[in-house]
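Using the hints, position chain B against chain A.
Chains as they are written, first to last, in the working numbering: chain A, 1 to 155; chain B, 1 to 783.
Check each hint, because a few of them may be wrong.
[As the list claims (entries may be wrong)] Simulated restraints, written as ranges between beta carbons of each label pair:
(1) A:120 / B:8: 43 to 53 Å
(2) A:128 / B:16: 47 to 57 Å
(3) A:117 / B:137: 54 to 64 Å
[Unchecked claim] Where chain B lies over chain A, by a calculated footprint (3+ residues, C-beta under 8 Å):
(4) 37-45
(5) 50-59
(6) 65-78
(7) 142-149
No lab work stands behind these hints, which were simulated from the structure alone. Owing to the predicted nature of the structure, the values given are computational and were not obtained by experimental measurement. Even glycine gets a Cβ: it sits at the ideal position worked out from N, Cα and C.
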Amino acid sequence: MIKLTVNGRAHEADVEGEMPLLWVLRDVLDIKGPKFGCGIAQCGACTVLLDGAPVRSCSVPVAAIAGKKVTTVEGLEVNGHLHPVQQAWLDHEVPQCGYCQGGQMLTAVALLRHNPKPSDADIDAAMTNICRCGTYARIRTAVHAAAASSQSKRA
Amino acid sequence: MSAAGIGQSVTRQEDARFLSGRGRYVGDINLPNQARAIVLRSPHAHALIRSIDTAVASAMPGVLGVFTASDLGTDLGTTAVAFKRTRPDGSPMFWRAYPGLAKEAVHHVGDPVAFVVAESIDLAKDAAEQVQVDYAALPAVGDIELALRPGAPAAWQDCPDNVSHVHELGNRAATDAAFAAAAHVVRRRYRVSRVHAQYMEPRCALGSYDPIDGRFTLYCDAQQPHRVRDILAREVFRIPSGRIRVVGVDIGGGFGGKGPQVLEFRLLLWAARKLGRPVKWVSERSESLLFDEHGRDNLHEAEIALDADGRFLALRSHWVANVGAYVSSDRNIQATFQNTPGLVGVYDFPVGHVRFTCVLTNTPSLAPYRGAGRPEASYVIERLIDDAALETGIDRVELRRRNIIGPEQLPKITALGYHYDCGEFERCMDEALGIADWSGFETRRQAAKARGRLRGIGLSNPIERAAAPGMEFAELRFDARGRVTALMGSKNHGQGHETAFKQVLATHLGLAAADIDYVDGDTDRVAFGVGTFGSRSAATAGTALVIAAGKIIEKARRIAAHRLEAGEADIQFAAGVFRIAGTDRSITLKDVAAIAFLPEQLPAGTEPGLFENGMFSPEDNTYPYGSHVCEVEIDPETGALEIVRYVVADDVGTQINPLLVKGQIHGGIGQGGGQVLKERVLYDPDNAQLLTGSFMDYAMPRADDFCAIEVSSIVVPTARNPLGVKGAGEAGAVGAVPALMNAIIDALSPLGVQQFEMPATPDRIWRAINEAGWTRAQGAPVA
Numbered sequence: 001m002i003k004l005t006v007n008g009r010a011h012e013a014d015v016e017g018e019m020p021l022l023w024v025l026r027d028v029l030d031i032k033g034p035k036f037g038c039g040i041a042q043c044g045a046c047t048v049l050l051d052g053a054p055v056r057s058c059s060v061p062v063a064a065i066a067g068k069k070v071t072t073v074e075g076l077e078v079n080g081h082l083h084p085v086q087q088a089w090l091d092h093e094v095p096q097c098g099y100c101q102g103g104q105m106l107t108a109v110a111l112l113r114h115n116p117k118p119s120d121a122d123i124d125a126a127m128t129n130i131c132r133c134g135t136y137a138r139i140r141t142a143v144h145a146a147a148a149s150s151q152s153k154r155a
Numbered sequence: 001m002s003a004a005g006i007g008q009s010v011t012r013q014e015d016a017r018f019l020s021g022r023g024r025y026v027g028d029i030n031l032p033n034q035a036r037a038i039v040l041r042s043p044h045a046h047a048l049i050r051s052i053d054t055a056v057a058s059a060m061p062g063v064l065g066v067f068t069a070s071d072l073g074t075d076l077g078t079t080a081v082a083f084k085r086t087r088p089d090g091s092p093m094f095w096r097a098y099p100g101l102a103k104e105a106v107h108h109v110g111d112p113v114a115f116v117v118a119e120s121i122d123l124a125k126d127a128a129e130q131v132q133v134d135y136a137a138l139p140a141v142g143d144i145e146l147a148l149r150p151g152a153p154a155a156w157q158d159c160p161d162n163v164s165h166v167h168e169l170g171n172r173a174a175t176d177a178a179f180a181a182a183a184h185v186v187r188r189r190y191r192v193s194r195v196h197a198q199y200m201e202p203r204c205a206l207g208s209y210d211p212i213d214g215r216f217t218l219y220c221d222a223q224q225p226h227r228v229r230d231i232l233a234r235e236v237f238r239i240p241s242g243r244i245r246v247v248g249v250d251i252g253g254g255f256g257g258k259g260p261q262v263l264e265f266r267l268l269l270w271a272a273r274k275l276g277r278p279v280k281w282v283s284e285r286s287e288s289l290l291f292d293e294h295g296r297d298n299l300h301e302a303e304i305a306l307d308a309d310g311r312f313l314a315l316r317s318h319w320v321a322n323v324g325a326y327v328s329s330d331r332n333i334q335a336t337f338q339n340t341p342g343l344v345g346v347y348d349f350p351v352g353h354v355r356f357t358c359v360l361t362n363t364p365s366l367a368p369y370r371g372a373g374r375p376e377a378s379y380v381i382e383r384l385i386d387d388a389a390l391e392t393g394i395d396r397v398e399l400r401r402r403n404i405i406g407p408e409q410l411p412k413i414t415a416l417g418y419h420y421d422c423g424e425f426e427r428c429m430d431e432a433l434g435i436a437d438w439s440g441f442e443t444r445r446q447a448a449k450a451r452g453r454l455r456g457i458g459l460s461n462p463i464e465r466a467a468a469p470g471m472e473f474a475e476l477r478f479d480a481r482g483r484v485t486a487l488m489g490s491k492n493h494g495q496g497h498e499t500a501f502k503q504v505l506a507t508h509l510g511l512a513a514a515d516i517d518y519v520d521g522d523t524d525r526v527a528f529g530v531g532t533f534g535s536r537s538a539a540t541a542g543t544a545l546v547i548a549a550g551k552i553i554e555k556a557r558r559i560a561a562h563r564l565e566a567g568e569a570d571i572q573f574a575a576g577v578f579r580i581a582g583t584d585r586s587i588t589l590k591d592v593a594a595i596a597f598l599p600e601q602l603p604a605g606t607e608p609g610l611f612e613n614g615m616f617s618p619e620d621n622t623y624p625y626g627s628h629v630c631e632v633e634i635d636p637e638t639g640a641l642e643i644v645r646y647v648v649a650d651d652v653g654t655q656i657n658p659l660l661v662k663g664q665i666h667g668g669i670g671q672g673g674g675q676v677l678k679e680r681v682l683y684d685p686d687n688a689q690l691l692t693g694s695f696m697d698y699a700m701p702r703a704d705d706f707c708a709i710e711v712s713s714i715v716v717p718t719a720r721n722p723l724g725v726k727g728a729g730e731a732g733a734v735g736a737v738p739a740l741m742n743a744i745i746d747a748l749s750p751l752g753v754q755q756f757e758m759p760a761t762p763d764r765i766w767r768a769i770n771e772a773g774w775t776r777a778q779g780a781p782v783a
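The shape of chain A in the complex, shown without the other chains:
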């Protein structure tokens, strides 16, 4: 039995320790925000935060996260209020098909946590997730907008 905390809730999962976190979240805990894209940590659709740091959950065995807090895109909203990154994504109409955007936003949240005023180059270096719809330009704009909003300064 593996214990893990996801979006503030404690869970137990009766799975093998080597099972990738992505599939524990999706298939065992029914948390569907993280998506499968490539299975080799290249695309980032499966990105979640582990104690605030972005990881590619398709390539993290669930046994490796003991005691750590997992945040998925479902955990970004607080008390029904969008996270500033979500709000910026909404305001700047970032998503197209939407599939990768949970991972994109979580990566942006982590970036802004340690770099509250990132440059374009900082954003490009941190945002390595693939978006096939080509929303990169709007992602850049939205990260700047989230950085600028006073809420994100508090976040």
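Relative to chain A, chain B alone:
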């Protein structure tokens, strides 16, 4: 009630669910008691199957079935080609549809051989490893040029020359005559690489069968759900289409690649019926590269004839397409003919002639991918004009200007048969050149040179066929509370249809987005549909919606007149309100809808209820066009390339939502640019093994590959649909492929590099620079 109508840049209705992780994609859906399936695929590019032994695999715990061609028997039909073309000797074209599972031979790596269903994906994979297939390997060929060489391996043993079929377009005799009389003839060879649509959501489906009513249900990620249903019903299972329900939910990208004839869909449904359990299949990325239909992959031998003043006299080209091993339907050859008249671009060619040779190789089928022949056509003409400019010494903008079709020449039927209706091509080009400060470029080139960098600028004037003739459907169902459900035959897969179509209803019915429920993708709910591809949905489904809305107004006006005790002719409708002209007496459409369900309050002879639908098929294509200006810098020491500026001026006709349009343009440039910069599906020349089987080998464009994209619009509405929209889905890709390559070659041409094939990876650029450097007589190649 304020409703955001046509033309407003409102943000999307869809985004709230995507941004909170509540988007629902097929992979997110599970059914009780579902089993999991995987496809066992051929490791050989070409081989005979001597035998398949499934005994060990079938007996493994948790395995529900290991199915091969012999299990399928004759249960499943196959799809067919409708365009019957011929081979060079006049014999019928060579085509073979995918059978359900390979029986006697496999014809590319990834060709499906067995279908394994088990209690879990892991058990299914373990079982698949125990299936014993005895193959006798045959020589294979994966590349178009190798396939056409004398003595090349045959992709099919019964088609030794690898030519599936040939055809032609235009006027050969007149074109040849024009070439014979030309002052200049410029000939070039261009190669457009094979790429994969790489939707972030790999293909997936979940099928079930209800033995009580004898119906299949298929959840799948398809751009054309009704066509999926119809192909499965008519061609595969040979049952009435009402016996299959196809449900499309959110789709994680399609770009043309999520077509209707998907092989796994039929296997899933067949197995679900046989096993009496729902069966789910989710492709993995490597599987996707092995078996999904691929895009592009063609070779062009193109020639342009000019007079002494640089006026275009004729275009002649040979389009050689790699159509893969299986040609299962027209879809697999569509990109080789349907959009190819774009070869003459926005230019006034008196005549043109194109030969097409469709070549079989041991690779997956070809299918439309964002543009589907349009980017290739645009690439050939826009590259060829740049090369003609270099060869004749005429400035490349001036050469385009001398030959561009003027608005006074429209409507015009081009040399290759497109019927351009409207547009201001030169104005569009000037708009892009102006924003991009084209005339100031030499200063920037010199400044870059001083920094040790090679700077280049490229221009393209793409035009494409969009919203082609073909039906689309919309239905409006009001309820007694005045709320409406819009049911659309198109299928959103990221474009923002829900938002755009609600804007259409805001304008035409005065309804707020919150009063509208939006449905697409479910063949049980939506009575008819064709689907979303070819930049068609705004023009076709949007117009169907306008037609349905018109019928709603017509009926509601009668009810409103009765209620207001006025003549119908005196009732005006605007912004959701019926009003007696010149008075303040009015009733809202929502209130009229409520009355529509109260028979006693209706005028005599009026049928109760308020449900209407609309069907629309345009009489001719629309022709969105644009001008792209791209500026790049290359570090000659490393070959690293940076796109430093990208400007687009575009005319996609009326814009329902400019924010959505810009997003589509960005995305098209991302994909077109990705192809030029790094993407490529590559096969081993010796054995047609896939060399780019994952995101480790198939390089995908990422954030740091692109600068901001500046999009400026000019709007010349088309009269080919009442909305005036031309379509925006493919435009970005069509322009980006040539604009970016033209910029790269402009940057490299001072070193003598005038021919360079995609992908422009740093390694390949570096080699080109160095090869050019060593062959030049004087000095170092580096600025």
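Residue 120 of chain A and residue 8 of chain B, beta-carbon distance inside 43 to 53 Å?
The hint (43 to 53 Å, Cβ to Cβ) is violated, given that residue 120 of chain A and residue 8 of chain B are roughly 29 Å apart.
How does the coverage statement for the stretch 50-59 of chain A fare against chain B, requiring three or more residues with Cβ below 8 Å from a Cβ of that chain?
violated (count 0)
Indicate whether the distance between the beta carbons of residue 128 of chain A and residue 16 of chain B respects the range 47 to 57 Å.
Given about 26 Å between the Cβ atoms, the range is violated.
Range hint 54 to 64 Å: satisfied by the CB atoms of residue 117 of chain A and residue 137 of chain B?
Taking Cβ atoms as reference, residue 117 of chain A and residue 137 of chain B lie about 59 Å apart, which means the hint holds.
Establish whether the coverage given for the stretch 37-45 of chain A by chain B is satisfied; the threshold is a Cβ-Cβ distance below 8 Å, and no fewer than three residues must meet it.
Coverage by chain B holds for the stretch 37-45 of chain A (7 residues, Cβ < 8 Å).
According to a criterion of three or more residues whose C-beta lies within less than 8 Å of a C-beta of chain B, is the stretch 65-78 of chain A covered?
With 5 residues in contact (Cβ-Cβ under 8 Å with chain B), the coverage given for the stretch 65-78 of chain A holds.
Under 8 Å between beta-carbons, do enough residues of the stretch 142-149 of chain A, three at least, approach chain B for the coverage claim to hold?
violated (count 0)
Checked against the numbered hints above, the structure breaks hints 1, 2, 5, 7 and satisfies the rest.
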